[in-house]
Every structure is written in structure tokens, then in C-alpha cells.
Amino acid sequence: MMALSRYDYYKIQGNQKNKQKVELYRFKNDFKQIYIVEIFHYQYNVYAVKFYLKNHSDSKRRYNICYKNDFIQSHGYCTGNSNFIKVLNTILSIVIEIIKKDKLASFGFMGAPKEIELDEELNGENINDDCTVANTKRYKVYHLYVRKYFNPQDFEYIDSKTSSILLLRNNRNKEVLTEKVAEDYIVNTIIPNL
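Number 68 in our numbering belongs to position 19 of the sequence shown; there are no gaps in the numbering.
Calculated from the structure, these hints are not laboratory results. Hints may be right or wrong, so weigh each one.
Straight-line alpha carbon distances no greater than 25 angstroms define the calculated BS3-like cross-link-like pairs of lysine-lysine that follow [to be verified]:
no., residue 1, residue 2
1, K189, K150
2, K223, K70
3, K109, K77
4, K163, K210
Here are the computed distance ranges between Cβ atoms for each label pair [unchecked claim]:
no., residue 1, residue 2, range
5, N237, V71, 29 to 35 angstroms
6, R110, R196, 23 to 29 angstroms
7, K77, K150, 30 to 36 angstroms
8, I165, T238, 25 to 31 angstroms
9, E224, D168, 17 to 23 angstroms
Idealized CB from N, CA, C, for every residue including glycine.
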């Protein structure tokens with residue numbers, strides 16, 4: 050794989066959160082703001098990846114908040130696209146580091162809805178009873194991004210458009226983490242812990 054433009058990151062520590070093992074990483078972006086990456090380690094070698102800006106740590110919507118255009122432009126950028134790609138590339142580097150340590154690792158990503166996608170008046174038809182949101186913009190981006198870097202011979206893409214969740218199931222672990230087990234696990238374990 051060619052070298053990707055990414056941010057330098059480092060592991061902070063691991064801890065327990067909601068009875069789950071969590072590894073924490075951090076990095077600073079071009080706007081000089083710190084991102085926190087949470088890697089939740091679940092049964093069946095499943096890792097759920099979540100990230101947010103550190104200054105939103107105490108917000109219930111920390112995964113939903115995006116930069117406003119005026120903030121981006123005040124830092125000399127037209128859009129936040131280059132920052133976003135570097136953020137994704139940084140997370141990809143962390144995921145690759147985990148795969149090197151755990152050859153059976155599978156990864157779950159949820160395309161957290163933007164705040165506007167949580168607005169019932171504007172997007173009510175896509176908001177589910179379990180508070181997930183169908184087919185979010187971030188889900189669509191992650192859906193395309195992972196297909197660029199994860200070979201389908203090594204990872205099966207198990208999609209849930211209705212909840213905007215993508216599981217990259219490691220094919221080395223497909224005997225234990227069957228598609229049925231993976232789907233049940235998403236519904237009964239991962240979604241309730243979002």
C-alpha cells in the first residue's frame with residue numbers, strides 16, 4: 050500500500066468503558082485540534098472504531114458534530130475535505146496496526162449522522178426506533194473508502210444501510226464470525242452500546 054497522507058498519532062492508554070475494553074489514540078489535525086479515537090474490543094475479535102474532537106468529549110453528540118464552514122474558511126481552507134481524508138487515513142493506519150497484532154481482527158464503523166440528519170422534521174423517515182439513522186452521508190463515504198483499502202478476498206463487507214453500520218469481517222475468522230453471528234452481534238451488542 051502506498052504511503053498515505055495522515056496525521057501522526059499515538060496511543061494514550063486503554064481502559065474499560067461500559068464493561069468493554071477500549072484503546073484510546075490521539076492526534077492533532079491541521080486546525081491544531083485534537084482528535085480522540087476509541088477502539089472498542091468486542092467478542093469474536095470485533096473492533097468498533099469511533100472518533101471525535103477532544104473539545105467535544107463531554108457532548109452526547111460528540112460523534113455527530115462537524116466543523117462549520119465559517120470555522121474552516123477562517124483557517125484558510127475552502128472545504129474541510131483534505132482534513133477529513135487525512136483523518137480517515139490516520140484511522141486506517143491505526144486499524145492496520147491492530148491487524149498486525151490480531152490477525153483475526155474485524156472492524157465495525159458506524160456512519161454517525163450529522164446533526165442535520167438527526168432533525169426529525171428534515172429526516173424523520175430515516176431515523177429508526179433504536180436511534181440509528183439510515184444511509185447517512187458519513188456511512189456512504191466510509192462505505193466507499195473501505196472498499197478502496199480492504200481487499201474483498203481478505204475482508205467481507207457486511208452492510209446495514211438501515212443503521213449506517215459497516216462491518217469488515219475478516220475472512221480468516223469467518224468460521225466463527227459467520228454473517229448471521231455478525232448481524233446478530235451488530236443488532237444485539239453494538240447498537241445498544243452506541
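Q) Within a Cα-Cα threshold of 25 angstroms, do K163 and K210 meet the stated pairing? A) holds, 16 angstroms
Q: Kindly confirm whether 25 to 31 angstroms is satisfied by the beta carbon distance between I165 and T238.
A: Cβ of I165 to Cβ of T238: about 29 angstroms, so the range 25 to 31 angstroms holds.
**Q.** Cβ distance range 23 to 29 angstroms for R110 and R196, holds or violated
**A.** holds, 28 angstroms
Q) Between K77 and K150, does the beta-carbon spacing fit 30 to 36 angstroms? A) violated, 24 angstroms
Q. Is K223 within 25 angstroms of K70, Cα to Cα?
A. Distance of about 22 angstroms is within 25 angstroms: holds.
Q | Distance restraint evaluation - N237, V71, Cβ atoms, bounds 29 to 35 angstroms | A | violated, 20 angstroms
Q: Assess, step by step, whether the Cα of K189 is no farther than 25 angstroms from the Cα of K150, and give holds or violated.
A: Since the Cα atoms of K189 and K150 sit roughly 29 angstroms apart, the hinted pair is violated (cutoff 25 angstroms).
Q. Straight-line Cα separation of K109 and K77 no greater than 25 angstroms?
A. holds, 22 angstroms
(Q) Taking the Cβ atom of E224 and the Cβ atom of D168, is their distance within the range 17 to 23 angstroms? (A) violated, 43 angstroms
Going through the hint list in order, the structure does not satisfy hints 1, 5, 7 and 9.
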